[in-house]
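Number of protein chains: 2
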Amino acid sequence: MQLLEQRIQKNGKVIGEDVLKVDTFLNHQVDPQLMQAIGQEFAHRFADEKVDRVLTVESSGIAPAVFTALALNVPLVFARKKKSLTLTDDNYQADVYSFTKQETNHIIVDKRFIQPGERILLIDDFLANGQAVQGMLDIAKAAGTTVVGAGIVIEKTFQRGRTLLDDQQVRIEALARIKAFENGHVVFEPEA
Amino acid sequence: MQLLEQRIQKNGKVIGEDVLKVDTFLNHQVDPQLMQAIGQEFAHRFADEKVDRVLTVESSGIAPAVFTALALNVPLVFARKKKSLTLTDDNYQADVYSFTKQETNHIIVDKRFIQPGERILLIDDFLANGQAVQGMLDIAKAAGTTVVGAGIVIEKTFQRGRTLLDDQQVRIEALARIKAFENGHVVFEPEA
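Going line by line, the protein sequences match chains H and A. Using UniProt numbering, the letters of the first sequence correspond one by one to residues 1 to 192. Using UniProt numbering, the letters of the second sequence correspond one by one to residues 1 to 192.
Honestly, the hints are just simulated from the structure, not real lab data. Check each hint, because a few of them may be wrong.
[As the list claims (entries may be wrong)] When the alpha-carbon atoms are kept at most 25 Å apart in a straight line, the in silico PhoX-like pairs for lysine-lysine are as follows:
{"id": "1", "chain 1": "A", "residue 1": "K179", "chain 2": "H", "residue 2": "K101"}
{"id": "2", "chain 1": "H", "residue 1": "K13", "chain 2": "H", "residue 2": "K141"}
{"id": "3", "chain 1": "A", "residue 1": "K21", "chain 2": "H", "residue 2": "K21"}
{"id": "4", "chain 1": "H", "residue 1": "K111", "chain 2": "H", "residue 2": "K21"}
{"id": "5", "chain 1": "H", "residue 1": "K83", "chain 2": "H", "residue 2": "K50"}
{"id": "6", "chain 1": "A", "residue 1": "K141", "chain 2": "A", "residue 2": "K81"}
{"id": "7", "chain 1": "H", "residue 1": "K111", "chain 2": "H", "residue 2": "K50"}
{"id": "8", "chain 1": "A", "residue 1": "K111", "chain 2": "A", "residue 2": "K13"}
{"id": "9", "chain 1": "H", "residue 1": "K111", "chain 2": "A", "residue 2": "K141"}
{"id": "10", "chain 1": "A", "residue 1": "K179", "chain 2": "H", "residue 2": "K83"}
{"id": "11", "chain 1": "A", "residue 1": "K101", "chain 2": "H", "residue 2": "K83"}
{"id": "12", "chain 1": "H", "residue 1": "K13", "chain 2": "A", "residue 2": "K179"}
{"id": "13", "chain 1": "A", "residue 1": "K21", "chain 2": "H", "residue 2": "K82"}
{"id": "14", "chain 1": "A", "residue 1": "K50", "chain 2": "A", "residue 2": "K21"}
{"id": "15", "chain 1": "A", "residue 1": "K10", "chain 2": "H", "residue 2": "K111"}
{"id": "16", "chain 1": "A", "residue 1": "K21", "chain 2": "H", "residue 2": "K81"}
{"id": "17", "chain 1": "A", "residue 1": "K83", "chain 2": "H", "residue 2": "K101"}
{"id": "18", "chain 1": "H", "residue 1": "K13", "chain 2": "H", "residue 2": "K101"}
{"id": "19", "chain 1": "A", "residue 1": "K179", "chain 2": "A", "residue 2": "K101"}
{"id": "20", "chain 1": "H", "residue 1": "K83", "chain 2": "H", "residue 2": "K111"}
{"id": "21", "chain 1": "A", "residue 1": "K21", "chain 2": "A", "residue 2": "K10"}
{"id": "22", "chain 1": "A", "residue 1": "K141", "chain 2": "H", "residue 2": "K83"}
{"id": "23", "chain 1": "A", "residue 1": "K82", "chain 2": "H", "residue 2": "K21"}
{"id": "24", "chain 1": "H", "residue 1": "K83", "chain 2": "A", "residue 2": "K10"}
{"id": "25", "chain 1": "H", "residue 1": "K10", "chain 2": "H", "residue 2": "K141"}
{"id": "26", "chain 1": "A", "residue 1": "K21", "chain 2": "A", "residue 2": "K81"}
{"id": "27", "chain 1": "A", "residue 1": "K101", "chain 2": "H", "residue 2": "K81"}
{"id": "28", "chain 1": "A", "residue 1": "K81", "chain 2": "H", "residue 2": "K21"}
{"id": "29", "chain 1": "H", "residue 1": "K21", "chain 2": "H", "residue 2": "K101"}
{"id": "30", "chain 1": "H", "residue 1": "K179", "chain 2": "H", "residue 2": "K81"}
{"id": "31", "chain 1": "A", "residue 1": "K13", "chain 2": "H", "residue 2": "K13"}
{"id": "32", "chain 1": "A", "residue 1": "K101", "chain 2": "H", "residue 2": "K111"}
{"id": "33", "chain 1": "A", "residue 1": "K141", "chain 2": "H", "residue 2": "K13"}
{"id": "34", "chain 1": "H", "residue 1": "K179", "chain 2": "H", "residue 2": "K82"}
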């Protein structure tokens, strides 16, 4: 998605070997026009998939996901992050390990909001090591749903997330695919 | 806002004396059409205020706030919640006490995203005791900005938030104003 790649080149900040800071337009300050365009693009790519619900994880997934859900005319559900859990029968839960923070968090979705047999589209801001998407997949599977794919705003193709999801035959649509950081600059994969 | 009041009557769940659960359309599952209508309504009410940025707090504020920012054609900034803080010069911070959870959290906004002299519109999902809005006000004041008002999706007028904000001459626009819960039912204030 050219608009997004241009924005990353203009406003993204490379930190160290593998971190891209996009807090000027995606995950602290948010550009609503860009989020709308992103949502419409995801909706377009998954238009034939008869999506019943969009699922994301708080907080950075919410803005792109709510515009995707709007364009698809379906509800959005955002999984809640919790440090610790008290097990109940009302929720689906999954562990999400953060390589950045080196800690395990949990994500939780109320059983009322993900029903057996539904077709679920996952949305997230980043695909790096794939742990957040894997957590959503675990919940979607536990709920007896079909995951039609994962819409990712920014993928870092040099990390393990893509392989992890390919192994489970999950369709991925990533709007910006970063191959490498070279001397503080972003190098994109060629568009498919 | 009639559409919102109808939705609260239909899907809101009163719990105990003072809690309204709206997780079917606002803060766990999200109705994107309703959020769009809410954003357009806030933008309409604050249309003459020359808003520079919309400020909210993660996570439940993001969906209504991003549609408000879209309609006003300005950026959204969402404050991050933190359990603990390491003080730096890069951020504005404020304490937010939660009466429900009986704990103090912190909210944090990068100084790049709220600039002296700007006109800021605050958005949040609930106004109850007013602590989250007060935290945003503290940050906006520390940053040397002018707060043009607070757009609230659901206000519980029987709690202290309104008085707290009135005392500071903050304009409040609340789209649903709840006067009381009677026998598990919601009673609204008459529309102004």
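How the hints compare with the structure:
no. : hint            : in the structure
1   : A/K179 x H/K101 : violated (44 Å)
2   : H/K13 x H/K141  : violated (36 Å)
3   : A/K21 x H/K21   : violated (35 Å)
4   : H/K111 x H/K21  : violated (34 Å)
5   : H/K83 x H/K50   : violated (34 Å)
6   : A/K141 x A/K81  : holds (18 Å)
7   : H/K111 x H/K50  : holds (21 Å)
8   : A/K111 x A/K13  : violated (39 Å)
9   : H/K111 x A/K141 : violated (41 Å)
10  : A/K179 x H/K83  : violated (35 Å)
11  : A/K101 x H/K83  : holds (15 Å)
12  : H/K13 x A/K179  : violated (48 Å)
13  : A/K21 x H/K82   : holds (19 Å)
14  : A/K50 x A/K21   : violated (34 Å)
15  : A/K10 x H/K111  : holds (20 Å)
16  : A/K21 x H/K81   : holds (18 Å)
17  : A/K83 x H/K101  : holds (15 Å)
18  : H/K13 x H/K101  : holds (19 Å)
19  : A/K179 x A/K101 : holds (23 Å)
20  : H/K83 x H/K111  : holds (20 Å)
21  : A/K21 x A/K10   : holds (12 Å)
22  : A/K141 x H/K83  : violated (32 Å)
23  : A/K82 x H/K21   : holds (19 Å)
24  : H/K83 x A/K10   : violated (32 Å)
25  : H/K10 x H/K141  : violated (39 Å)
26  : A/K21 x A/K81   : holds (21 Å)
27  : A/K101 x H/K81  : holds (16 Å)
28  : A/K81 x H/K21   : holds (18 Å)
29  : H/K21 x H/K101  : holds (15 Å)
30  : H/K179 x H/K81  : violated (29 Å)
31  : A/K13 x H/K13   : violated (44 Å)
32  : A/K101 x H/K111 : holds (23 Å)
33  : A/K141 x H/K13  : violated (28 Å)
34  : H/K179 x H/K82  : violated (32 Å)
In this structure, the earlier hints numbered 1, 2, 3, 4, 5, 8, 9, 10, 12, 14, 22, 24, 25, 30, 31, 33, 34 are contradicted, and the remaining ones agree with it.
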